[in-house]
Amino acid sequence: MIIKDDIKNLLDELIKVKAVFAPKKDAEDTVLFGKLASGAEWYGDSLLTHTTAKDKVYLQSETFFKIKKDKNGVFLEDPAEPAETVIFGCRPCDARGFDIIGKLFNWSGFVDEYYTKRIQKTTIITISCEKPESTCFCTSFLNGSPVNSTGSDLLLTPLKEGSCLAEAITAKGEAIITGYSRYFKEAGAAEEKAKIEFKTEAEKKITKKLDLPGIKQKLDTSFDSSYWDTAHLPCVKCGACTFVCPTCYCFDITEKAFDNINSERVRSWDTCMSELFTRMAGGVNPRIDTKKRFRQRFMHKFNYHVDNFKEELCTGCGRCIKACPVSIDIRSVIENV
Amino acid sequence: MAENIYKPHLAKVVEIKAETGDIKSYKFELQDPEVRKTFTWKAGQFLILDIFGIGETIFTFANPQTRSEFVECTIRKVGRVTEAIHELEIGATVGLRGPYGNWFPFDKWQGKNLLYIAGGVGLAALRSSIEFALDTFKDFKKKTILYGARSPLDICYKDRFSDWEKVPDTEIILTADKGADGWKHKVGFVPAVLKEVHPSPADSVAIICGPPIMIKFVLKELLDLGFTPEQIVTTLEMRMKCGLGKCGRCNVKHLYICKDGPVFTYSQLKDLPDEY
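Taken in sequence, the protein lines are chains A and B.
To convert, note that position 305 of the first sequence is 305 in this note's numbering; the numbers rise steadily by one, no gaps.
To convert, note that position 82 of the second sequence is 1082 in this note's numbering; the numbers rise steadily by one, no gaps.
Don't read these hints as lab results, they were simulated from the structure.
Don't take each hint at face value.
As the list claims (entries may be wrong) - Rough simulated footprint, nothing fancy, chain A against chain B, three-plus residues with beta-carbon under 8 Å:
| id | stretch |
| --- | --- |
| 1 | 1053-1063 |
| 2 | 1079-1089 |
Claimed, not checked - Below, in silico cross-link-like pairs of lysine-lysine (DSBU-like), each with a Cα-Cα straight-line distance of 30 Å or less:
| id | chain 1 | residue 1 | chain 2 | residue 2 |
| --- | --- | --- | --- | --- |
| 3 | A | K68 | B | K1077 |
| 4 | B | K1042 | A | K103 |
| 5 | A | K16 | A | K172 |
Backbone N, C-alpha and C define an ideal beta-carbon position, used for all residues, glycine too.
Required output: the full structure, derived from the provided sequences and hints.
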């Protein structure tokens, strides 16, 4: 258990030894995960940050290695090792996103060392959601809830008496509690009970529950459905949905050349909404139509990924619903197939 | 931690050969002697070639594991990276990583007739398979290679055919969409020549690669000839970046061409949506 007032003190301590990212207002009052200079900068009043914390582990643009090519040959230089990091104030949907992406980055025995090294050095401290919004639908997913701990190292659940129940989920979370034990005290049965009440109350606020197994089954046979002929029409292919998503992971690998000698191999987030995503040299493009790209996004999340990983590529954060400039709601798109 | 999956091995260009006006073949020698010893692949797999300062692109291994002194690729100039490749000179350093993907299922083809059908630069994707079959010819019955290109000038691997034909029970049938003076082979599209040659499906496997339009009509002919979907094998290409099923773009349904392919039987493909 930790007293809410002590959270800022804990953050101040953590800042001394790690890079700490937490929800923070920027110059335009947008709440984003920013690097804290002091615990007082943490802004804990909003439910969801504008974008996820995904980019703190899976960088939006990341140098794989530097290349130097001169008359003596080609030399590749590895990037610096990632720093010890804390993501504080993550929500359960965002934390679960790390778990989902992590499986992809370790898929079939091929380990993406850039993601893996960074997540190993990151401690994720999640805060349970007291007031889910109308766009939230985490309870549609297996074990999904405003207090779900998947992907988190430490879970803080606010209780009524101005304190939070602190639960270590992993050894990294345990290390925070033991390393800063002066801020934590033992919780009892009353706190455990309060957490159950918290969960019940919070889940009541989530009114939309999708039948995901039913949707998966429906999508199995609806690739050729005429539904897609019209469903995609409002979409403007901006890709905002993919960039705010805690689970969208598709990437591009490109070369950033500075001059004839120096360049960098760079991995950047990409979006399946872009025509370039699948366009081959020579111009052939299997997903040239918006319809195909639109269908790919929903099929990938609720059908293909389920075939490969036995879980959806979505955590129900609802950010894509908020970010869409033409109000496309992911929940209705898949329910109406 | 195991080796970095995105980091290429360094290699040098040791041989360049112009095949046609826009196709060149390259031999690369891996620089690290240790890597040279351990680097191996199976016919049908592909690699990612790295032109430092320009970027990466996917190519199939043109040579089989039975001829693995160098890594060979046959490359048509078609985009930004391949243009840069066509400007490489002997001695240039490139990177390569792989091998990726699945391979031709030779263990299932033991004792069968192999019918290779290729169009244009598609022959490059089948060369490793053809040469593997020729190097292990005792394991197979007749090897037939039906190959067509737009014109006699666009025929790739001209100087390899005489060696190929020396292998017992091997036949090469060449065709050009349009003939030219001195062209002693067939004239006409590959599917039409296939119909004329009329191969028997008995105890046979057809392995095809070429432009989509050729594949479409070759498939129709093969089915008409009595080949079952299980007896028809092809290799697909899609835009790829990682080669490992992670970058998310080369999927057809839940399958990733880079990881679950590129080699598929027609019986697998006919149940997949036409999104490749």
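We went through each hint and held it up to the structure:
Remark: the stretch 1053-1063 of chain B is confirmed as covered by chain A, as 5 of its residues place a Cβ nearer than 8 Å to a Cβ of that chain, reaching the required three. For the stretch 1079-1089 of chain B, the stated coverage by chain A holds: 4 residues have a C-beta nearer than 8 Å to a C-beta of that chain, and at least 3 were required. The straight-line distance between the Cα atoms of A:K68 and B:K1077 is roughly 26 Å, inside the 30 Å bound, and the hint therefore holds. A C-alpha spacing of about 28 Å is found between B:K1042 and A:K103, which places the hinted pair at or below 30 Å, so the restraint holds.
For the hint pairing A:K16 with A:K172, the CA-to-CA distance comes to about 17 Å; that is within 30 Å, so the pair holds.
Hint check: no violations occur; every hint is consistent with the structure.
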